[in-house]
Amino acid sequence: MAGSTIDHLVSVIVFLGAILLFISLFNQTLQTAILYQRHRNLASKCSDLLDNMLLNPGIPTNWGTSNCTPTGFGLQDPEFTQYKLSPFSLMRLRSSIGEPVYYPGTKTYYSNITMGFGDYLLVSFTQLIDYSTAAKLLGINNTYGFQLTITPVITVSITETHSGNPLTLTITVTGKGFPLSNAIVSYCFLTVVEKGGQSSPSYSSSFDTSYTDEKGSVTLNFQNIDATKSYAFIAYAHLSGLVGVGYHQRVTADKRYIIPFVESFEDRRVILAHSYDVHNFGPPESAVFFNATFVLLTEDFTLREMPMENSIGKIGKVNYGKGVKFEYCPVTIPTYNPGILVITYQSNNEYGVILMPWGINSMAFPIVFGDNPFGKEWVATDIRQVIVSGIAYQAQLALWSLEGYQVIS
Amino acid sequence: MMRTIEIFLVIIIITGAFIISSFFAVLPQPRQVSPLNLRRLAFTTLQTLDVDYDLSETVFKLPNDLSWDELQIALSACLPPNIVYNLTVYEVLSGGTKLYCPIRSISNAESLGIGSDVSSYLVASSNVTFSVIPEKIGEHGGGGTLYILNCSDANGWWITGYTAQSLAEDLYNLLSPYFRATIMVQNTTQLGKILNGTALQGENLQSAVIINTVGEAVPIPAGYYASSGVGYDTGHSSYARYCYVLGQKVRQYNWTWVSIVGYPLYYVSNTGLFQNEQNGWGIYGMRQVGPAGLNAFLRGIDNQGYSFNDQWITGSPDNDPQLSSVSLSAEAKYYCNYYGIYPSRYQTATRALPDSILTTYNLTVTSYIFNKVNNWIAGAVYRHIAVGDNKITGSLFALGLTRTADIRLTALGLLCDYKPRLYRSEYTANGTSRLVVLQLGLVGGV
Numbered sequence: 000m001a002g003s004t005i006d007h008l009v010s011v012i013v014f015l016g017a018i019l020l021f022i023s024l025f026n027q028t029l030q031t032a033i034l035y036q037r038h039r040n041l042a043s044k045c046s047d048l049l050d051n052m053l054l055n056p057g058i059p060t061n062w063g064t065s066n067c068t069p070t071g072f073g074l075q076d077p078e079f080t081q082y083k084l085s086p087f088s089l090m091r092l093r094s095s096i097g098e099p100v101y102y103p104g105t106k107t108y109y110s111n112i113t114m115g116f117g118d119y120l121l122v123s124f125t126q127l128i129d130y131s132t133a134a135k136l137l138g139i140n141n142t143y144g145f146q147l148t149i150t151p152v153i154t155v156s157i158t159e160t161h162s163g164n165p166l167t168l169t170i171t172v173t174g175k176g177f178p179l180s181n182a183i184v185s186y187c188f189l190t191v192v193e194k195g196g197q198s199s200p201s202y203s204s205s206f207d208t209s210y211t212d213e214k215g216s217v218t219l220n221f222q223n224i225d226a227t228k229s230y231a232f233i234a235y236a237h238l239s240g241l242v243g244v245g246y247h248q249r250v251t252a253d254k255r256y257i258i259p260f261v262e263s264f265e266d267r268r269v270i271l272a273h274s275y276d277v278h279n280f281g282p283p284e285s286a287v288f289f290n291a292t293f294v295l296l297t298e299d300f301t302l303r304e305m306p307m308e309n310s311i312g313k314i315g316k317v318n319y320g321k322g323v324k325f326e327y328c329p330v331t332i333p334t335y336n337p338g339i340l341v342i343t344y345q346s347n348n349e350y351g352v353i354l355m356p357w358g359i360n361s362m363a364f365p366i367v368f369g370d371n372p373f374g375k376e377w378v379a380t381d382i383r384q385v386i387v388s389g390i391a392y393q394a395q396l397a398l399w400s401l402e403g404y405q406v407i408s
Numbered sequence: 000m001m002r003t004i005e006i007f008l009v010i011i012i013i014t015g016a017f018i019i020s021s022f023f024a025v026l027p028q029p030r031q032v033s034p035l036n037l038r039r040l041a042f043t044t045l046q047t048l049d050v051d052y053d054l055s056e057t058v059f060k061l062p063n064d065l066s067w068d069e070l071q072i073a074l075s076a077c078l079p080p081n082i083v084y085n086l087t088v089y090e091v092l093s094g095g096t097k098l099y100c101p102i103r104s105i106s107n108a109e110s111l112g113i114g115s116d117v118s119s120y121l122v123a124s125s126n127v128t129f130s131v132i133p134e135k136i137g138e139h140g141g142g143g144t145l146y147i148l149n150c151s152d153a154n155g156w157w158i159t160g161y162t163a164q165s166l167a168e169d170l171y172n173l174l175s176p177y178f179r180a181t182i183m184v185q186n187t188t189q190l191g192k193i194l195n196g197t198a199l200q201g202e203n204l205q206s207a208v209i210i211n212t213v214g215e216a217v218p219i220p221a222g223y224y225a226s227s228g229v230g231y232d233t234g235h236s237s238y239a240r241y242c243y244v245l246g247q248k249v250r251q252y253n254w255t256w257v258s259i260v261g262y263p264l265y266y267v268s269n270t271g272l273f274q275n276e277q278n279g280w281g282i283y284g285m286r287q288v289g290p291a292g293l294n295a296f297l298r299g300i301d302n303q304g305y306s307f308n309d310q311w312i313t314g315s316p317d318n319d320p321q322l323s324s325v326s327l328s329a330e331a332k333y334y335c336n337y338y339g340i341y342p343s344r345y346q347t348a349t350r351a352l353p354d355s356i357l358t359t360y361n362l363t364v365t366s367y368i369f370n371k372v373n374n375w376i377a378g379a380v381y382r383h384i385a386v387g388d389n390k391i392t393g394s395l396f397a398l399g400l401t402r403t404a405d406i407r408l409t410a411l412g413l414l415c416d417y418k419p420r421l422y423r424s425e426y427t428a429n430g431t432s433r434l435v436v437l438q439l440g441l442v443g444g445v
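These protein sequences, in sequence, are chains A and B. Numbering-wise (numbering that gives the first Met the number 0), the first sequence opens with residue 0 and increments by one. Numbering-wise (numbering that gives the first Met the number 0), the second sequence opens with residue 0 and increments by one.
Note that these hints are calculated values from the structure, not bench results. Every residue gets a Cβ at the ideal spot worked out from N, C-alpha and C, and that includes glycine. A hint or two may mislead.
Stretches of chain B that chain A covers, calculated by requiring three or more beta carbons in the stretch to come under 8 Å of a beta carbon on chain A [as the list claims (entries may be wrong)]:
| no. | stretch |
| --- | --- |
| 1 | 17-24 |
| 2 | 39-51 |
| 3 | 75-84 |
Here are some chain A residues the structure puts well away from chain B; computed CB gaps all over 12 Å [unchecked claim]:
| no. | residue |
| --- | --- |
| 4 | Tyr130 |
| 5 | Lys135 |
| 6 | Arg303 |
| 7 | Glu402 |
Given only the sequences and the hints, what does the whole structure look like? Please build it.
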């Protein structure tokens, strides 16, 4: 009797243990399968969402060149079809990476894409579409998080290998996975023409073309440019439909300079402010005299100056802010064609040049828009090759679920 | 002891079931769970390479041309390093059983890994001739005749910078492919003939379109149509009555009268008839009718009795004429692309018609060329449908824009309304089309 009871007890305990073990094993397999399904669904969603962003211009279609908040989110250039994006819609996306800049002159924060000294894109927060608005417009608010990264396919890096006379610049052109050998490099060399104190400097420009070697590099020499001369160099590299942009400046005045802020897309208004008012460093600084010019990129990759006759602030000076009084000059960009605002400046006989893209493509600025995917449980990504006003970019979307996976991890 | 053995037997059975089910429940590799959309990436890569038609040019070059190397460099440069590719170009053959013949293939790896996807892109040689055959208006029904008033004995107003003859020529080039017959009305005598119902070249007079190229003026034939009680209102010393007759003729023959700019029918013009008269602004051969002309025309088209009414009815969508900007309607913008006519999307309108004319004269708008702003219609096709009737009896297409006339808007408006189809065709010859196939694969990882 006792033996039979023990037999029953042992068998029931072993049976229950085995059942629990198998339930756990089967459950794990099922959970993995469900997770895989959800991840696959996320990847499909990512691909669809990326196409949705890139293949429609948004509502209204011209929201990139107006000050309105769109009622439909899309980045396609309304003048084109396929994967061609509007350079101005991209400019209106609030950058996730640069630290916003506060300018007390307008009491406004500005989204900051700065690619080094003198290469600024600062857009007023009042003009920008933020991540939360975009998520709502895309219908994924609180369900998915995303980060859209739009980076140029071609990187044109420029280094100064000899600063004296002759000035020597080495241009290296690389793609995402390969150097761009035998590419045509069309370049523009802008030198600041010094006109003495209390006057605004102008610039002179020269254009030429060259070819990269098998490593994707080319070395250029510029005569009569000594180490004290300020200049800007803009290069367009192109090969078999791929076009990339690079730029480099040298300035002698890096304490007092001009900072351009995009104030209004609809009015094409940019304000030029004294750097002291933004950084507020050191003692009160001297006035900065400037000369603003807008140059367009033509089809043969040369830059053509476009007059800004209607602009009252084309040539002028700005003082640093005294107390609550801030001084800035507005300029009006004459067109919605992408180009570069070139601002030569002088302060205390020190010179420099500032470049600001009008249209994200003209200086191949990258855009990072959205939340940070770091630390998210599972992030699906997808990429597309896109064109932004002739410049090759790669659009990458990272997408993750905000609703969890409702399984035991 | 027996129970314990049985339980172990059950465990063995369940273990077997688990192993067997696990064998069939094969989970995909992680890479396949969350894949890159290689098909789309391949397609967009091909589009990027062809943005300036570089790809189209390269694939038609000889296989040993240097451009192929450049294409390979560009392809390698624009794809991420972990992606391998194979690009193959095929000749598209016509006739025979073989449709595609490989021309050249470039690749950066021997194999494309465990998974790959492919996109194709058809390119045409620059030697290909594309042709477009438009459907003729009137081909499947009545009408189909376009009269362009090219009267050498009439002067124009608000067509500054152009002559009526140059505008007529441009209109002919733009619109004649879409009509069965296009007749240039060379003088006011010929205009008189068609008003009398006489065809000039055996064309179908009924349901024709008449474009008045002299702007705010309208050519008037001397003689009968300028005579008192027919075209001349003796009581008011005005040719508004001629405009009334025009309205009646438009109704009678179901014409579409087109006013290309400004205030319609504001002047009458005949250099012989008004040899010593000017329009008030120094243009001889012309006489002012004023707003009475349009009012009389609208009464004529609606079959109302003639009465002289010189009340100004047109206006600006904005009180400030400088701000009277109107924009092309969505329909017009669509047809800009369809017909390849691209006038400026924004125009200044100071002679827009009020929407009250729709009820006063039984008009129905069939096509808005510009968006309506504050009850003002800057450009539209008005069709007259009499009360109790269901058929159209006469139409007016008025562009109430400020000078100078943009003739493309006239063409666009008519095409928007008639919507003739375009039959696109391609004269293909051997070797004019090639298929580019790009296959992408991922390397590394699992």
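Here is how each hint holds up against the structure:
1. With a threshold of 8 Å between beta carbons, the proposed coverage of the stretch 17-24 of chain B by chain A holds, since 4 of its residues qualify and at least three are required.
2. Counting residues of the stretch 39-51 of chain B whose C-beta sits closer than 8 Å to any C-beta of chain A gives 10, which meets the bar of three, so the coverage hint holds.
3. As drawn, the stretch 75-84 of chain B meets chain A at 7 residues by the rule of a beta-carbon pair under 8 Å; at three or more, the given contact holds.
4. With a minimum CB-CB distance of about 23 Å to chain B, Tyr130 (chain A) clears the 12 Å threshold, and the non-interface call stands.
5. Every CB of chain B lies more than 12 Å from the CB of Lys135 (chain A), the least distance being 25 Å, so the non-interface label holds.
6. In this structure Arg303 (chain A) is separated from chain B by more than 12 Å, as the shortest Cβ-Cβ distance comes to about 19 Å.
7. No Cβ of chain B comes within 12 Å of the Cβ of Glu402 (chain A); the nearest lies about 17 Å off, and the non-interface call holds.
In terms of the numbered hints stated before, the structure departs from none.
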